[in-house]
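Asker: Construct the complete structure from the given sequences, taking the supplied hints into account.
The lines below spell out each chain.
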Amino acid sequence: MSVLISAKEIHKVYNVSAGEVSALRGISYDFEEKGFYAIVGRSGSGKSTFLHILGGLDKPTSGSVFIEGEDVCKLSDEKRSVFRRRHMGFVFQQYNLLDEYDVRNNICMPLKLDKRKPDENFYREVIGMLGLEGKTKKYPSELSGGRTAEGCYCQVGHIKTEAYYCGRAHGESG
Amino acid sequence: MWFFEFYIIETVKVLNLLLRKVTSLSDILNLACLRIRRKWKNSLLFFLVLLFSFSSVIVSVSLVGSISLTNAEYRLNTYGEWYFAIPYGYDNYKDWLSKKDWAESIGTAKSYGTIISSDGIIGLGTIDSELADIGRIRTDQGRFPLEDGEIAMEADSLSALGYDYTLGQEITVSVMIPAGESPYDFLMIEKTYTLCGIIHEYSNLWYLDRNESNQTLNSALVTEAEAMELIEQAKKMIMADSGLSIRSPVPQYFISVSEENRELAEEQINGYLAVARKDRNGDVLVSVNSVAYPGGVKSGDYNDFYMYIIAFLTFVSILCLGIIQLPSDTHSFSVLRSIGMSKVQLCLMQLSETAVLGIPAILLGIPLGALLTRFSLRMTLYSGSVPIQVYIPFQTLFSILVLWLAAIFISRLIIFILTLRVPMIGRFRPNGAKSGRIRLLRNGFIVLLLCVYTLGVIFTGVQALNPERKIRYWSNMSHYVVTKLGGATVSPSDAAALKNIPGVSDVYGFSEEWIGLSYEGMSEGRVYLFAAEGSDWADMFDTENEETEFRNRAYLFAINENDWADIFDFGEDITDFHSGEIVLICIPEDGNEYERPEGEVKLSFYGDKEKLLSEYTVDSRIRYIPENVFERTVACIRTPYTAVCSEQFLKRIIGELPEGERWGRFKSGQDFEYGRVFVMADLNSDDLSTDIVLANTCKNRGIWLSNRRQEYLSYKQENVQAVIMLYFSGTCICVIALMILCGNISLETENEKRSFLIKRCIGMSRRQAGFSILGKTLIRCGGAYAAGWLMYFSLVALIKTNTYDYGDKGFLYILQTVINGLKYDGFTLGRFAVISCIYLIVPIVLILLVKKELRKDGDIK
Numbered sequence: 001m002s003v004l005i006s007a008k009e010i011h012k013v014y015n016v017s018a019g020e021v022s023a024l025r026g027i028s029y030d031f032e033e034k035g036f037y038a039i040v041g042r043s044g045s046g047k048s049t050f051l052h053i054l055g056g057l058d059k060p061t062s063g064s065v066f067i068e069g070e071d072v073c074k075l076s077d078e079k080r081s082v083f084r085r086r087h088m089g090f091v092f093q094q095y096n097l098l099d100e101y102d103v104r105n106n107i108c109m110p111l112k113l114d115k116r117k118p119d120e121n122f123y124r125e126v127i128g129m130l131g132l133e134g135k136t137k138k139y140p141s142e143l144s145g146g147r148t149a150e151g152c153y154c155q156v157g158h159i160k161t162e163a164y165y166c167g168r169a170h171g172e173s174g
Numbered sequence: 001m002w003f004f005e006f007y008i009i010e011t012v013k014v015l016n017l018l019l020r021k022v023t024s025l026s027d028i029l030n031l032a033c034l035r036i037r038r039k040w041k042n043s044l045l046f047f048l049v050l051l052f053s054f055s056s057v058i059v060s061v062s063l064v065g066s067i068s069l070t071n072a073e074y075r076l077n078t079y080g081e082w083y084f085a086i087p088y089g090y091d092n093y094k095d096w097l098s099k100k101d102w103a104e105s106i107g108t109a110k111s112y113g114t115i116i117s118s119d120g121i122i123g124l125g126t127i128d129s130e131l132a133d134i135g136r137i138r139t140d141q142g143r144f145p146l147e148d149g150e151i152a153m154e155a156d157s158l159s160a161l162g163y164d165y166t167l168g169q170e171i172t173v174s175v176m177i178p179a180g181e182s183p184y185d186f187l188m189i190e191k192t193y194t195l196c197g198i199i200h201e202y203s204n205l206w207y208l209d210r211n212e213s214n215q216t217l218n219s220a221l222v223t224e225a226e227a228m229e230l231i232e233q234a235k236k237m238i239m240a241d242s243g244l245s246i247r248s249p250v251p252q253y254f255i256s257v258s259e260e261n262r263e264l265a266e267e268q269i270n271g272y273l274a275v276a277r278k279d280r281n282g283d284v285l286v287s288v289n290s291v292a293y294p295g296g297v298k299s300g301d302y303n304d305f306y307m308y309i310i311a312f313l314t315f316v317s318i319l320c321l322g323i324i325q326l327p328s329d330t331h332s333f334s335v336l337r338s339i340g341m342s343k344v345q346l347c348l349m350q351l352s353e354t355a356v357l358g359i360p361a362i363l364l365g366i367p368l369g370a371l372l373t374r375f376s377l378r379m380t381l382y383s384g385s386v387p388i389q390v391y392i393p394f395q396t397l398f399s400i401l402v403l404w405l406a407a408i409f410i411s412r413l414i415i416f417i418l419t420l421r422v423p424m425i426g427r428f429r430p431n432g433a434k435s436g437r438i439r440l441l442r443n444g445f446i447v448l449l450l451c452v453y454t455l456g457v458i459f460t461g462v463q464a465l466n467p468e469r470k471i472r473y474w475s476n477m478s479h480y481v482v483t484k485l486g487g488a489t490v491s492p493s494d495a496a497a498l499k500n501i502p503g504v505s506d507v508y509g510f511s512e513e514w515i516g517l518s519y520e521g522m523s524e525g526r527v528y529l530f531a532a533e534g535s536d537w538a539d540m541f542d543t544e545n546e547e548t549e550f551r552n553r554a555y556l557f558a559i560n561e562n563d564w565a566d567i568f569d570f571g572e573d574i575t576d577f578h579s580g581e582i583v584l585i586c587i588p589e590d591g592n593e594y595e596r597p598e599g600e601v602k603l604s605f606y607g608d609k610e611k612l613l614s615e616y617t618v619d620s621r622i623r624y625i626p627e628n629v630f631e632r633t634v635a636c637i638r639t640p641y642t643a644v645c646s647e648q649f650l651k652r653i654i655g656e657l658p659e660g661e662r663w664g665r666f667k668s669g670q671d672f673e674y675g676r677v678f679v680m681a682d683l684n685s686d687d688l689s690t691d692i693v694l695a696n697t698c699k700n701r702g703i704w705l706s707n708r709r710q711e712y713l714s715y716k717q718e719n720v721q722a723v724i725m726l727y728f729s730g731t732c733i734c735v736i737a738l739m740i741l742c743g744n745i746s747l748e749t750e751n752e753k754r755s756f757l758i759k760r761c762i763g764m765s766r767r768q769a770g771f772s773i774l775g776k777t778l779i780r781c782g783g784a785y786a787a788g789w790l791m792y793f794s795l796v797a798l799i800k801t802n803t804y805d806y807g808d809k810g811f812l813y814i815l816q817t818v819i820n821g822l823k824y825d826g827f828t829l830g831r832f833a834v835i836s837c838i839y840l841i842v843p844i845v846l847i848l849l850v851k852k853e854l855r856k857d858g859d860i861k
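From first to last, the protein sequence lines stand for chains A and B. Be aware that the first sequence starts at 1, since it is given in our numbering, and climbs by one per residue. Be aware that the second sequence starts at 1, since it is given in our numbering, and climbs by one per residue.
Everything labelled a hint here was simulated from the structure, so no lab data went into it. Watch out, some of these pointers could steer you wrong.
[Unchecked claim] Using C-beta positions, here's what the derived DEER-type ranges look like:
{"id": "1", "chain 1": "A", "residue 1": "Met129", "chain 2": "B", "residue 2": "Cys33", "range": "26 to 36 Å"}
{"id": "2", "chain 1": "A", "residue 1": "Arg116", "chain 2": "B", "residue 2": "Ser755", "range": "34 to 44 Å"}
{"id": "3", "chain 1": "A", "residue 1": "Ala18", "chain 2": "B", "residue 2": "Gly436", "range": "13 to 23 Å"}
{"id": "4", "chain 1": "A", "residue 1": "Lys138", "chain 2": "B", "residue 2": "Val735", "range": "54 to 64 Å"}
None of these values were measured; they are calculated from a predicted model. The C-beta atom is built at its ideal place from N, Cα and C for all residues, glycine as well.
Answerer: Below, the structure is given as C-alpha cells:
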C-alpha cells in the first residue's frame with residue numbers, strides 16, 4: 001500500500017505565560033492508504049495537536065506533512081483551505097456543527113465552499129447509512145446527541161475525503 | 001481576423017471568470033442569507049438597531065439643523081440681517097463703502113432730530129429700502145410713509161407720546177433739531193403728522209456695541225422730503241446774528257457682509273474710521289451685530305454639541321452590537337474555516353451579511369427619517385414670528401453616514417481579525433483571558449451607551465435652567481408700565497379699568513417714596529442707609545454732599561398685600577401688616593453683610609426742604625430678597641432697608657400729613673393713589689390688539705403708557721426657542737440611546753440565555769437569577785450615572801474655559817463658578833431629583849424588562 005500521509009520530524013511548541021510548552025517533539029510517521037489508525041495516549045500528550053497538524057488545521061513549529069507528495073505546511077491559506085475541503089474531513093470532540101444551517105447544508109457545506117454540486121445519489125446513500133432520513137431539514141440544536149454525531153460523519157463522508165480525522169472515541173454512535 | 005478571434009476568445013474567458021465569481025458570490029450570499037434567516041431574532045434586532053440608529057440620525061440632525069436654522073432666522077428677523085453698523089457716519093462714507101466688494105448691501109438711515117417723550121428720546125428720520133430689507137424693518141399695521149405729512153412710528157413710541165394706535169389720526173410732536181456745535185443745542189419745531197403705520201419694534205432691540213455717541217435709531221419715520229422740510233423750517237428759525245447753524249442730518253450705515261469677508265471688512269472699516277474720524281466726534285470703531293450673529297457658544301445654541309453626541313452614539317452603538325455578537329460569530333466563522341472556507345470567502349460572507357441588513361436599513365431609514373422629521377417639526381417647533389425653517393444638513397448627514405458605515409466596517413473587521421486569530425482546533429470559543437477581555441469590552445460599550453444617555457438627560461435638564469429662568473424673567477417683567485407725568489398718581493379706578501381689558505392678565509399698583517429710617521443700635525449711617533462697610537452700594541454713593549443730604553434715607557414701598565404675597569410671604573403677619581402694625585424690611589441676598597434692624601423701626605416723613613412732617617414707630621420683620629427673584633421686579637425691592645408697608649398704612653400716613661404739606665407725590669388729605677402701575681399681558685400673541693385697547697384707554701384717562709411688550713416678547717421667544725432646542729434634541733438623543741441600548745441588551749440576553757439556563761439547572765433559583773440581573777444592572781446604571789455627572793461638569797467647565805479668560809485660576813475655581821451659576825439659575829434638589837429619576841428609573845426598568853427572559857426556564861440542550 002502506498003503512503004497517503006507522511007509526517008516528518010513534527011515539532012510543536014506553544015508559548016504560554018509560564019514559558020514554552022513542547023507539545024510534539026519530532027514525531028515522524030507514515031500513514032498508508034485505506035488504513036484505520038487510532039492515536040492513543042494520556043490526556044495532554046499531544047494527540048489532538050498531532051491530528052490537527054496532520055489535517056492542516058494547524059502548522060507545526062518545524063517539520064513537514066506530506067499528503068500525496070505535497071507538503072501541506074508550506075501551502076498558502078487559500079490552498080490549504082481548498083485542500084481541506086476537498087481532501088479532509090473532521091469530526092471534532094464537540095462536533096461543532098453550524099447551528100445556523102440545517103443538516104443538509106451542514107453536510108454539503110464543504111461542497112458549497114468548493115462551488116460543487118453534491119452527488120445526490122451518494123448523498124442519499126450516506127444519509128441512509130447513518131439513519132438521517134427525514135432529519136435533513138432539521139437544525140443541529142433540534143437533533144439528539146447521537147444524531148448530531150451522525151451529522152458530523154455525514155459531513156465528512158459526503159465529500160469522499162481521502163482522510164477522516166475524529167477527535168474522540170465514538171462508541172456511543174453507530 | 002485573428003485579432004477578432006483573439007478578442008472573442010479572451011472576452012469569453014473574462015466573462016466565464018466573472019460568471020464563476022458571480023456564481024461564487026451568489027453562493028456566499030445564499031449562505032449569508034441562510035445564516036440571517038436562522039438567527040432571525042438576532043438579525044431582526046440587528047436590522048432594527050441599524051434602521052433606528054440611521055433614521056434617528058436623520059431626524060436628530062434635521063431637527064437640530066431645522067431648529068437651529070429657525071432660531072438663527074428668528075434672530076435675524078428680530079435684530080436685523082446686517083453685520084456691521086456705523087451709527088454716527090458722514091455722507092462720504094457711502095461712497096467708500098460702495099466701492100468695497102465685501103459690502104453686499106448697504107442700508108442707510110438718516111437721523112434728522114429727536115422727540116422727547118415720557119419714555120425717553122424718540123429718533124425721527126428716514127430709512128432707505130435697503131435698510132428696510134437688511135434690517136427686516138416692517139410695519140405691523142399700515143405702511144411706511146409715502147407722502148409728505150405722514151409718519152410711521154413704533155407702538156411704544158406712540159404710547160410714550162400719549163397716543164393710541166389708530167391709523168389716520170393726527171400726531172403732534174415737538175421735534176428737536178440739533179443746532180450749533182454743542183450736542184446740547186437744539187431748535188424745537190412742533191409738527192403734526194398723519195399716522196400711516198405702526199412699525200414693528202426694532203429700535204430698542206438692535207444692539208450697537210460701539211455706539212459711543214449714543215446715537216438713537218429712528219423709531220419715527222417720515223419721507224425724505226418731509227424731513228428736509230423740517231431742516232428748512234429750522235434754518236428759517238435761526239436768527240441771523242445768533243451764530244448758530246443747523247447740524248446736518250446724521251447718516252447711519254448698516255452693512256451686510258458674508259462670513260468669509262467679515263474679518264477683512266472689520267479691519268478695513270476700522271482703519272477707514274480711524275482716519276476719517278480724526279478731530280471729529282463720533283464712533284471710531286464699527287459696531288458688530290453680535291446679537292443676531294452670536295459667536296462662540298451662545299446659550300441655547302447647542303447644534304454642534306448634539307451633532308457630536310449623535311455621531312458618537314452611532315459609532316458606539318454599532319461597535320457595541322459587534323462586540324455582543326463576537327463569541328457566536330467567531331465560533332461560526334472558525335468552524336467554517338476548519339471545513340475549508342478561505343479568508344476571501346469568509347470576508348465576502350461577512351460583507352454580504354452586513355449588506356443584506358445594512359442596505360435596507362439605509363434605504364428605509366432615509367424616508368422614515370424624513371417623515372419623522374416633518375412630523376416632529378410640525379408638532380413641536382414654535383417659531384414665533386418666522387416660518388419654520390426645514391433644513392436637512394446633507395453634509396453633516398453624509399459625514400455621520402460615513403461614520404456609521406465606518407463603525408460597521410470596523411466592528412466586522414474586528415470580528416474577522418479575531419476569527420483568523422482563533423486557532424482552528426477543537427475548542428472554538430474564546431476562553432480564559434480572551435473571554436474575559438471580550439466580556440469587559442462588551443460591558444464597557446453598554447456602560448458607554450448608558451453614559452451617553454446620562455449626559456443627554458443631565459445636559460438637557462440642567463442647561464435648560466438658564467433659558468427657563470429668562471423666560472420666567474421676561475414673562476414676569478411688567479409688559480406695560482402706567483404712570484402720570486409730573487409726579488402725579490394713578491387712581492385705583494384707572495388701574496381697575498386697565499385690568500378689564502382683554503389680554504391683560506394682571507395689574508399691580510404700588511407707590512414708592514423716600515423716607516427716613518432708623519432703629520436702635522443703628523451704626524452712624526452712610527448715605528441711603530447702605531451701611532455695610534466696603535459694600536458696592538456704599539462705594540457708589542460715598543461723597544460728602546450726599547452723605548449730608550441723604551443720611552438714613554430708605555424707600556417706603558406701599559402695596560396691596562394680596563397682590564404681592566408671593567414675593568413677601570407674609571404668613572401670619574398679614575393681618576398686622578394690613579393694619580400697619582408691622583412693616584417689612586428688605587435685605588437683599590447679594591453676598592454683602594448688612595446689619596439687621598431688630599424689632600421696632602422709626603419711619604420719618606419729610607416734606608419740602610427736608611422739613612420733618614411726621615414720624616411713626618412700628619414693629620418690623622426682615623425679608624431676605626434672593627438674587628433671582630424676578631417677578632414684578634422693582635428696583636427698590638432689591639435696595640437694602642426698603643420698608644414695605646400696606647396701602648392701608650399709607651392711606652393713614654397721607655391722611656395724617658400736616659395740612660398743606662406735601663410728602664413726595666402725596667399732598668395732605670389726598671386720596672391714596674398709585675405712583676406706578678404694572679400691567680401684565682399674555683406675551684404669546686404677537687398682534688397689537690391688547691396694545692391698541694390699552695393705549696386707547698390710557699389716552700382717554702390721561703395716563704401715560706410705557707409699552708415694552710414686543711421687546712420682552714422678543715427676548716422671551718429667543719429663550720423659548722432655546723428651551724425647545726434643548727428639550728427636543730436632548731429627548732432625541734436619549735430616545736436613540738435607550739433604543740439602541742435595548743437592542744444591545746436584547747442581543748446580550750440572547751447570548752446569556754445558555755449560561756443562565758445552566759445555572760438554573762445547577763440550582764440557581766429564579767429569585768437569585770433576578771437579584772443577579774438587578775445587581776449587574778444597578779452597578780452599570782449607577783456607574784454610568786456618576787460618570788455622566790462627571791462628564792457634564794467637565795464639559796461645561798471646558799466650554800467656560802474656551803469662552804472666558806480665567807487667567808491662572810484652577811479647575812476647581814471654574815467648577816465653583818459652574819455650580820454658582822446653576823444655583824443662580826434655580827437648580828434645586830427637586831430638579832436634581834427629577835433628573836435623577838428620569839435617568840435612573842427609565843433605563844433600569846427597560847433593562848430589567850428586556851432581561852426578564854433570563855429568569856424563564858427553557859431547553860438547556
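Asker: All hints are to be evaluated individually against the structure, with a verdict given for each.
Answerer: A quick look at each hint next to the structure:
1. Distance hint check: the CB atoms of methionine 129(A) and cysteine 33(B) are about 31 Å apart, consistent with the given range 26 to 36 Å.
2. The hint said 34 to 44 Å for the Cβ distance between arginine 116(A) and serine 755(B), and at roughly 39 Å that hint holds.
3. For the pair alanine 18(A) and glycine 436(B), the beta carbons lie near 18 Å from each other, so the given range of 13 to 23 Å is met.
4. The beta-carbon spacing between lysine 138(A) and valine 735(B), approximately 41 Å, falls outside the hinted interval of 54 to 64 Å.
This entry does not satisfy hint 4, going by the numbered hints stated previously; all others are met.
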